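One line per chain: the protein sequences are A and B, in this order.
Position one of the first sequence corresponds to residue 692 (the numbering used here), numbered consecutively onward.
Position one of the second sequence corresponds to residue 692 (the numbering used here), numbered consecutively onward.
Since the hints were derived computationally from the structure, they do not count as laboratory data.
One or more hints might be untrue.
Identical copies carry no separate label here, and so any pair may be met within one copy or between two of them.
As the list claims (entries may be wrong) - When the alpha-carbon atoms are kept at most 16 Å apart in a straight line, the in silico EDC-like pairs for lysine to aspartate or glutamate are as follows: (1) Lys-714 with Glu-884; (2) Lys-725 with Glu-819; (3) Lys-726 with Glu-819; (4) Lys-764 with Glu-870.
Since we're looking at a predicted model, the values are computed, not measured.
Protein chains: 2
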Amino acid sequence: MIKAEDLLKSPPKTKLREVTLEKLCLAAEQIFMKKNYYNTSIYDIVTEADVSIGTFYNYFPDKISMYKYVVLKHGQDIRKFIAKGLSKTGITDRKKMEREGIKLYLDYCLKNPRVINIIWQSHFVAPELFIAYYDNFGKQYEKQLASAVAVGEVYPADLEVVSYMLMGMSNFLAIKYVEFGDHNNLTDERLYEIVDQVMEILQRGMFV
Amino acid sequence: MIKAEDLLKSPPKTKLREVTLEKLCLAAEQIFMKKNYYNTSIYDIVTEADVSIGTFYNYFPDKISMYKYVVLKHGQDIRKFIAKGLSKTGITDRKKMEREGIKLYLDYCLKNPRVINIIWQSHFVAPELFIAYYDNFGKQYEKQLASAVAVGEVYPADLEVVSYMLMGMSNFLAIKYVEFGDHNNLTDERLYEIVDQVMEILQRGMFV
DNA sequence: ATAAAAAGTGAATAATACTTCATTTTTTTC
DNA sequence: GAAAAAAATGAAGTATTATTCACTTTTTAT
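Please construct the entire structure, taking both the sequences and the accompanying hints into account.
Shown next, in the form of structure tokens:
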């Protein structure tokens with residue numbers, strides 16, 4: 692299993708090294724998202740980060756390693772955001788949790804409008820990361836669903852299929868309403884309406 | 692609205708021009724899928740197509756136009772495949788149609804294992820195509836759902852949300868079972884099991 | 001058969017960008 | 001505060017590749 696830290700030329704031990712690494716990452720994130728991996732030059736990154744080209748190679752062995760580093764970090768970020776958001780509410784009812792989870796996911800995408808883009812890029816910049824990302828997400832989903840089934844809150848089913856269904860739904864809704872549309876126009880009420888729609892179908896199905 | 696034909700340097704009027712164009716497209720499709728847009732050089736394409744570099748520029752003004760051409764053609768292909776497959780069955784019941792539609796979509800992805808890949812690439816190679824593709828697909832979905840609502844086969848709902856939910860599901864299942872897994876190991880029975888799982892949830896929901 | 005039009009060719013051009021490394025600057029240590 | 005270690009620098013090397021264009025070959029039309 693690939694770890695973000697293994698992609699660095701050496702682990703940041705000093706304060707300065709930490710600061711510069713952070714500058715580089717923020718810049719890379721920014722530009723990888725705005726343009727894309729292949730249209731982003733190292734010159735672009737170091738210019739935005741306000742360091743020299745040599746410095747870049749002081750931290751990462753090559754361009755692809757830096758990209759992977761950023762993607763892995765971002766994945767951690769989303770998961771943390773949702774996990775924290777969920778635990779804060781104290782909800783245990785699975786249906787309410789699902790609702791809140793979808794809401795939190797869309798929220799995150801709204802606050803970081805291009806985050807899906809950067810993760811989706813990995814689909815063909817570094818496919819193994821893409822697979823690992825959704826595998827991971829999916830497995831966690833499955834686990835939670837399994838315990839919900841155990842206490843009779845969710846119908847027994849092939850939970851792998853169910854988790855990919857749910858991930859697909861959330862992802863496409865995020866793409867539609869955050870990326871396609873003008874996400875500044877997406878009010879909180881509208882977001883709740885969308886989530887409610889989804890929940891209604893997950894509750895009683897779509898066919899009469 | 693961008694049309695595939697407008698991307699050609701001139702419309703193929705002679706037989707020879709049609710043949711060479713087809714050779715180029717097949718080669719490009721092949722390689723764009725195996726590698727990706729940015730890792731594919733024009734030299735790669737013309738070598739596979741067994742023509743010269745000059746010939747390439749005889750047909751397309753540049754690399755991006757050729758890519759767009761291939762994506763647009765592929766989009767037409769999928770839609771035709773599903774529409775034809777559906778009309779052949781003669782089904783009118785919306786639930787059965789949905790089932791068959793999802794099955795056909797996964798079938799298409801199985802037969803063209805990297806087709807999602809090439810369309811998803813457009814997400815950041817040519818975002819306007821990506822948006823148009825799903826917009827189009829989604830609108831058609833909506834229309835069909837609307838008539839199903841009219842005859843009382845589907846619950847009234849925000850059909851835009853519903854169609855993106857359905858597209859997201861299908862896409863992610865295709866990715867999971869066609870791309871991630873070893874798609875040669877995916878039997879027809881397993882495919883039907885997956886579709887049945889989906890339908891069960893769309894029928895009665897997932898929450899007890 | 002011949003002239004004109006269409007199609008094909010590939011060497012040369014031009015531009016971009018990844019990466020290296022010898023040197024300089026800054027920070028830390030004693 | 002001097003020596004050593006860490007970090008930063010950016011010009012130069014190397015490589016790739018999209019695109020052009022003057023020329024050749026093939027096809028079509030008369």
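Hints versus structure:
no. : hint                 : in the structure
1   : Lys-714 with Glu-884 : neither (38 Å within a copy, 49 Å between copies)
2   : Lys-725 with Glu-819 : between (23 Å within a copy, 15 Å between copies)
3   : Lys-726 with Glu-819 : between (22 Å within a copy, 14 Å between copies)
4   : Lys-764 with Glu-870 : neither (21 Å within a copy, 24 Å between copies)
Hint compliance for this structure: hints 1 and 4 are not met, and every other hint is.
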